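**Student:** Here are the chains, one letter per residue:
2 protein chains.
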Amino acid sequence: MRDKALASSRGWAIVESLTTEVGPRLAGTEADIRAVAWAQELLQSSNFDRVWTEPVSIPVWRRHHEQARVVSPYPQPLRITALGYSGSTDGEMTAEVIGFPSMKAFKQADADTVAGKIVFINRKMERHKQGAGYPPVSRMRYTVVPAAKEKGAKAALIRSVGTDSHRFPHTGASVRSDNPFPTAALSAPDADQLQRMLDRGVPVRLALDIRVSERAEGITHNVIAQLNGRENPEEIVLIGAHLDSWDLGTGALDDGAGVAITTAAAELISQLEQRPRRSIRLVLFGNEEQGLWGAKAYAKQHADELARHVIASESDFGAGLVWRFDSANPDLMSTAMTALAALNIEQGKKPSSGGPDIGPLQQQGVPVFRLQQDGSDYFDYHHTADDTLDKIDPEKLQQNIAAWSVVTWLAAELPSVKRTANE
Amino acid sequence: MRDKALASSRGWAIVESLTTEVGPRLAGTEADIRAVAWAQELLQSSNFDRVWTEPVSIPVWRRHHEQARVVSPYPQPLRITALGYSGSTDGEMTAEVIGFPSMKAFKQADADTVAGKIVFINRKMERHKQGAGYPPVSRMRYTVVPAAKEKGAKAALIRSVGTDSHRFPHTGASVRSDNPFPTAALSAPDADQLQRMLDRGVPVRLALDIRVSERAEGITHNVIAQLNGRENPEEIVLIGAHLDSWDLGTGALDDGAGVAITTAAAELISQLEQRPRRSIRLVLFGNEEQGLWGAKAYAKQHADELARHVIASESDFGAGLVWRFDSANPDLMSTAMTALAALNIEQGKKPSSGGPDIGPLQQQGVPVFRLQQDGSDYFDYHHTADDTLDKIDPEKLQQNIAAWSVVTWLAAELPSVKRTANE
Ligand SMILES: [Zn+2]
Ligand SMILES: [Zn+2]
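Residue numbers (full-length UniProt numbering), protein chains in the order written: chain A, 1 to 423; chain B, 1 to 423.
Calculated directly from the structure, the hints in this document are not laboratory data. One or more hints might be untrue.
Copies of the same chain are indistinguishable here, so a pair counts whether it falls within one copy or spans any two.
[As the list claims (entries may be wrong)] Heads up, simulated SDA-like pairs for lysine to any residue below, C-alpha to C-alpha not over 25 Å straight-line: (1) Lys124 with Glu16; (2) Lys418 with Glu16; (3) Lys396 with Val202; (4) Lys124 with Ala13.
Remember, predicted model here, so these are calculated numbers, not experimental data.
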C-alpha cells in the first residue's frame, strides 16, 4: 500500500481538481456550495461504504474591497488585506498612524496617544520547521482588536503573520463582534515601508478603504465518508482535513493538500481485499478558517459516539514531507515505524495536537496521532493569494499519502488501538 | 576608491530614499514630478559641478482598474495587470477564451476561430543569468496586439513575461496606437490555472474589466549632473540609469538600484582630489519604461555633442553582482581589470549593448561599456508589485558601485579612451 501510494498520481489529481474547478472557497459562499458538491461527488465515486453531509451553521463574512494608501508625506499605495470579521471603514477613512513593535508595547501606550489614529503593530514572525513562530504572532489578529477599541483607535493594521518577503498580505480570522472594527494586515514589504516612513519621525497619514459584509445566518457542510469496520464497525478511526479555504488563494496548501492526502489514503485502504477491523471515517470539515465551525459542529453532533472514536488526526499543514510520527500508543508506533522508516520518517513522541479541527475532539478525550510535516515554507504562502497549486510538490504529496495510508490502516486494524485512560 | 565603495552605505541610502519617499513613479504622473524633484535635490546636495533638467514630451498612460474572473465553468478571480498603452474594456466585458502556446501558433490560427474571443498566449520565459530568455518572450507584448486586432479578437492576455511562480502579473509596454486594445498579463500561477481549464476541453468564459487612460501631452524630465573634466571638459563619459518606474512596485531593482549605483559611483569620483581628465555626465533618464522617451530626447537634444561622448553605459538590470566587464577598448579593459578582478569580475568582450537608454546613443556611434550583472532572479520581480527595497542586497549594491566608480573614473582619465572608428 505504501509503495502503491508512492507510485500513484491520485492525490495530485484530487488537489488539482479542487483548486482548479472550485478554486477559492470561503465558507458560506457560492464557491463553498460548489466545494461541498465537488467533495460529495469525489467521495461517492470512490469505494466508500457511506457518504453523507452534515449541516454547520455559520456567520458568513465576505471581503468586497480593500485599499490602503499613504496620503502624506510620501503618497503611494500599500498592499493590505482585511482580516476575517474585520469591519468596514464606510468609504475612505484617513488618519495618522501610530506604530508599535509588539502588542506588549501597544498595550502600555497611553490611550491619549492612540485615540483617533490607525494603530500599526509591526512584529515579525520567525521561520520554523514546525511553525513554532506562528502562535505567538497570529494571536495578535485577535488581541489587537479589543486593545485598539479600548484606546479609541480608528483602525488596526498588523504586519502579516507570515515568513515571506513578497507583497502578499496574509489574511486570517480576527475577532467577531457585534461592533466590528476595521482590521487588516500589510504585506511584509509594505510593513517595512510604513516602518521606514515612521522612523523618519514625521507624521504619516494613511487612507484606508475596507468594505466587507457579514450575514449571521449562513450554512456550510461537513462532508463525511466511511469505510465500515470488518469486526468493530462502531469503533471509529477519524482522519480528515478542511474543505474550506480563504478567498485570496485557491487553497492548495491550506488545505487542498490535506483533502488530497487523507482522501487518497482512505481510498487506498478501500481498495484492499478486506476492510480493516474498525471503521475509518474521513471528515472534510467546513469552515475551519473562521473559527473551527465544522469541527465544533461535528463534536456536538457526534457527542454520543465520541467515546468510540479510538484515534483521530487531521492533515492541515501544507504539502511538505512528513518527517516524524507522533503517537502515544507504543504498539501503533512500533508497528508503523517498520513501514515509515523507509519514508524517512522518524519516531516521535506523544502528540500535543492532532490538527486544528481535531481540537474539539481531543478536548472530549479522543486520542490523536500526528504525522509531522516540514512546514518551513508553509507560512510563506499561508492565507495569501499565492497559495496555489504550483506550490505543491507531487512527490512530497505522495510521501504524505503513503504515510497516512499506513498509519490509518494500522490504527483501524491493530487490536491494541483502543480508548485507554493513558492516551 | 574601490575599497571606499565597498565600505560605504551611500548607495543603499539613495535607493532607500527613492523607494520610500517617492515609491512608484510612473512617467508623467504626480509621483514622477516628485521623483524629478527628489533627484534634483539629491544631485544638488552632492559635489557635482552642474545639475540641470531637460524636458521630455511624453504621452501619459495610466492604470485605474483591472480585474479578471472566470465566469464559467469554474467561477473564480484571476490576477492580471494591464500592459502599458492597453486600452479599456468599457466596463466588464465577457467572452470565451482561446489559448495558444506561442505567437507562432496564434498567427497560424484562422481568424474565424478567434473573432469575438479573448486570445490567450501561454508562452513561458526561461531563466538565464544574462536575461537571454527575455527578448523572445517580451516581444509578445508588442506583437500580440496587431495580430489580435487583425483576427477580430476582443482582448489579448499573455502569460507574464517573468521567471517566478508567484501571483504577481508583470506589466510592461505594449503597442501605442490611436485605437488602443485591451491587453493584459496573467501571473504565472493564473496562466497555469487558465491553461488547466482550457485543457479540460470545455468552453471557458472570462470577464475582463480594464480601465486605463491616456493623455497625449505629458511631460517628464531627464535629470543630469556633471563633473567637469580637468583637461578635456568637452569630452563626455556618460553613465546613468532611469528614474521612472512602473506603477506596481516601488521601482527598487528597476531601476532604483541603477540610480543608486551610478550616482554613488559619480559621487565617489567627485570626492577625489582632482577631477578626471574628461567630464563625467550622470543622466537619470525619464520614461524608459514606456519607450525610451528620455533617451531619445537626450540623443536629439545633444545631437551636436554626441561625437564628443567618448563612452556611455547604463545600469538597468537590478542589483545582482557584476560578474563581467565588457569593453571594446583594450587599454580600458586591461587597466580596469587590475582593480575589477578583486571584485570577482571577469574580463569580457566587446559589448553588444550599454543598456536600454544607451541604445539611441549607440545608434549614433557612441561607444559603450557594460558591467554585466547576474540577472538570474531579476525577472522574478521585474515590472511587478514585488519590486521593492527588500529585494536588494546592500553588499551586492556596494560591489556594483565599486566596479562603476573604477570603470567610470578610468574612462574619464585614460588618454586612450577616445572616439575611434573601431569602437
Ligand atoms: Zn488550514
Ligand atoms: Zn529598467
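**Student:** Which constraints among the numbered hints does this structure fail? Numbers only, ascending.
**Tutor:** 2 and 3
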